[in-house]
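The hints should help you fit chain E onto chain R, whose structure is shown.
Chains as they are written, first to last, in the working numbering: chain R, 1 to 309; chain E, 1001 to 1345.
Some hints could be false.
To be verified - What the simulated footprint calls covered on chain R by chain E, stretch by stretch (three residues with Cβ under 8 Å from a Cβ of chain E suffice, anywhere in the stretch; the number is not a length):
| no. | stretch |
| --- | --- |
| 1 | 156–169 |
| 2 | 249–260 |
Unchecked claim - A short, non-exhaustive set of chain R residues, derived as facing chain E with CB atoms under 10 Å:
| no. | residue |
| --- | --- |
| 3 | Gly-136 |
| 4 | Gly-138 |
| 5 | Leu-142 |
| 6 | Gln-151 |
| 7 | Gly-152 |
| 8 | Ser-244 |
| 9 | Gly-245 |
| 10 | Leu-264 |
| 11 | Val-279 |
| 12 | Ile-285 |
| 13 | Thr-288 |
| 14 | Val-289 |
| 15 | Leu-290 |
No lab work stands behind these hints, which were simulated from the structure alone. Note that beta-carbon positions come from the ideal geometry of N, C-alpha and C, so glycine has one too.
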Amino acid sequence: MTIQVPTRSNTNITALQNALAQGKPSRSFWQDARIRFFQDRLGVSGGTLFLFLCLMALAAPWIEQNIVHFSPSSMDLPNAYRPPTAQHWFGTDDYGRDYFIRTIYAGQVSLSIGFLFAFVSLTIGVVLGVAGGYYGGGLDDLVQGVINLVQGIPMLPLLMIIGSMVRLGWVELAILLSILGWTGASRQVRGLTLSVKQRDYVLAARTVGASNARIMVQHILPNVFSIVLVIVGFDIASAIMVESGLSFLGFGVQPPTPTWGNMLTNSLTYVSKDPWLVVFPGVAISLTVLAVFLLSDGLRDAMDPQLRK
Amino acid sequence: MTRYLARRLLQTIPILLIITVIQFMLIRASPGGPLKAYLENPMTTVEHIKQMERQLGLDQPLPIQYLTWMLGNDWTLVDEDGDGVAETKGTTRGMLRGDFGYSYFTHLPALETILGRLPATVELSLAATLISYLIGIPLGVYAGLHRGGRIDNAVRFFTSTLNSVPHWWLGLIFIILIANLTLATGVQILPIGGRQTLGLEGFNPLDRLWHLILPAFLMGTGGWITFMRFMRSETLEVLGQDYVRTARAKGLSARVVTFRHILRNALLPVVTISGGLFVSLINGAAIYELVFSWPGMGRLVLEATLKKDFPISIGALAIFATIGVLGRLLADIAYGWVDPRIRYD
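Same shape as in the complex, but just chain E:
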């Protein structure tokens, strides 16, 4: 297990490294380049720009620039005044040491800004995953146990239709319905955006939950449809296994067979797809965060990209990729943990 874990962790390194190469190329390719914010300042002279380029190592060849961007140059001397003699220390700490650069607009460190918005996105995605479990698993097991029944057919028809609809668009429809209902009756059944009521002081869990319901429900729709389908087919598969027949033959009650024998085994694929689902929710969060004015990382990236605030949006790629790699890794480990038949050697 430890060896497997070590090997999997090692495998993630090339992926993350290549992501950083992509980031590096994107920054260099961005209009105006890395010093764009300063180029727009009328007080900046050509000499200033040249000096900053030397401080940040931008006068070096590209591979050296990449290393500087990754590892920083504050531990080495750079030729700041361009006279051919390196005399002062560089000014960048490097991305691996948490220096993602500074926002062009707020001038705050990019990494801090991104991580500050991460909890809201994780909260939304976790809630959506939870909702996918709560709806998808019972529905899938029920449909599998009663295959061909009225509920099974209804659920399958409903999910096929629902799967063809962009779920964020359903969010727009819900907003229209709720807004018009509020206008007509004066009763606000659910908020149509935001993470908490404006002007509310302190942390109010009920208010937070009230705001979370609709976005999490819509974000989780794709998830519960997937879980429902997997659970249904897994239940059908497990139903045909010898151990279920044995359990029934030795007189166990239907409830015990359903929960201890069928559900437990049918849940295995859910564990594997959970990691991928959570990751794709985080990656796609921008749309839901825009629709529901959710103050998360996705919307931060969206707004930063629209403003061409590249240190934020490109820096966020590394965070997204790290979450993705860790999510898949955790899913793999969890799979071995819940299924003792899996051996990692």
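Bound conformation, chain R alone:
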């Protein structure tokens, strides 16, 4: 798959000419992308939802103290398995803990893992992708070999084994996921770098004597950045999915720290009695992932006019 880099040259020429004829000031690529993004309703609603979910997670301690007055770990055994009420919005779990505040706190963990995973895996992926694509030859072969190797590792079984030997916190888990999950981003960035390095401006930069490092940082990186921004979204979403699966199996972040995955672990004990215990964490995962997907779709469309039909 080749990905067209959004540059000024492939924006709509006629629209540009019309705008110039009407005396409008020309817009930069980022201004243009921003205007296009805000015209896309789905993208904007995804972004709003995502912002809302992040704010909820950040405001968890405040919500705990001012709105629900339950701590995520305070147990109340006589009130276990209570259905949702005005007092316990999402009901209570098997230890009588308030399920609403636990869902909110779990969001902190899941979103943090998502962000940290996106950051670390993209740092590895972009550096190796740009360097491999730019230099080619032996370095590229080496990087591709490592990618084949990492992709050959059975991720879930390995994470389960490591999770059973070491008690993983969210930071360790995110870094472990990054070590196993940077390859997709690296392949995409490499593909784009291969096409960008053939452009005239790269040749021009080399002609005036720019160093390799300068060409990569100043000329290639900005041009692969739009795809990186899109991958961020998919990385966050997939990290949240993997973390929830792993925690559901019992090997991710350990209780009593709530995560959406480990909240689901014991939720199936009394399916007919407490369906809400299954519903809420799953809905939280789905809403977050949906918001991230909509947001990144919107960003991709805004930054790559060629992809729009």
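Frame of chain R; chain E shown alone:
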């Protein structure tokens, strides 16, 4: 082709070797080490442990230990009583010769235990792949042929939403719905777990199929969404090709054009992603096998890992990795076979 095949097979060797290094390190890093099962036995003396270490070559430096673990030491003499003279044969056959060690709990050979649970996982993953084809391909082609139509838009909206939901969680929801329906009406429309009805004697294909439907359907959800998307965009791509226009121009019926010209060419990427999909299904099977109490390899690894029965769980890594490498290899070969434009030289 033969040269390409040989080269690809050779390329898989380093990957599998590195997996074994990872396994070896994991075993050595596991709490208690490789002899943990014996350390917990109150009848074991320090001398016993030392003797076993010498028998298994665990007193040697790490690289030698790795080689012993891979190739075994029953063909060479080891110094069993620690007097500096090697006199008896070692006791491990080595992982390359099928000695994955023994389960800490059942004391059965680990490899046999793992392979015994493999068919159930393969059955589930194959069924899930089949369901992905059956739903994803027709839907994708239809959506592509009727781009922008009501069905196309509905399908695209539905798949985007469905893709944001963890599919194993949908399994939990289905279990709740079915269980409550059964409690309310007494009718069990689908089983909520297991590979066959408990207490049923012999092999009953219909009963097996009945148990397979729900887990395979949910496991295949990610697959059919992927296939549907690929088929849709491939169909759009193929529709614009000259040979489709030629076929239409020479008066072929719409059906012939759709099946012989469009479908055949649009199917190519499906072949390539099938291998990767099947592999990822097997690797991720543990979750579905837990949700639906499916007696497969994934759940075996899950339970073994929870019990810290490391010979089983770490040994299974090699099986997972081998399936992964072979799956991708087969997909590559199949791609060349279905697309004569691909030449392997």
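Status of each hint after checking the structure:
1. 156–169: Coverage by chain E holds here, the residue count being 9 at a Cβ distance below 8 Å.
2. 249–260: Per the Cβ count (3), the hint holds.
3. Gly-136: 19 Å, violated
4. Gly-138: Constraint on Gly-138 (chain R) not satisfied, violated at 16 Å.
5. Leu-142: Because about 12 Å separates Leu-142 (chain R) from the closest Cβ in chain E, which is outside the 10 Å limit, the hint is violated.
6. Gln-151: At 8 Å from the nearest chain E Cβ, Gln-151 (chain R) passes the 10 Å test, so the hint holds.
7. Gly-152: 4 Å, holds
8. Ser-244: Given a least distance of 6 Å, the restraint on Ser-244 (chain R) holds.
9. Gly-245: Since the shortest Cβ distance to chain E is 5 Å, the answer is holds.
10. Leu-264: Holds: closest Cβ of chain E sits about 7 Å from Leu-264 (chain R), inside 10 Å.
11. Val-279: 7 Å, holds
12. Ile-285: Since the shortest Cβ distance to chain E is 6 Å, the answer is holds.
13. Thr-288: 8 Å, holds
14. Val-289: Holds. Min distance 4 Å.
15. Leu-290: This hint holds: Leu-290 (chain R) lies near chain E, its Cβ roughly 4 Å from the closest one there, short of 10 Å.
Hints 3, 4, 5 from the earlier list are contradicted by this structure; the remaining hints agree with it.
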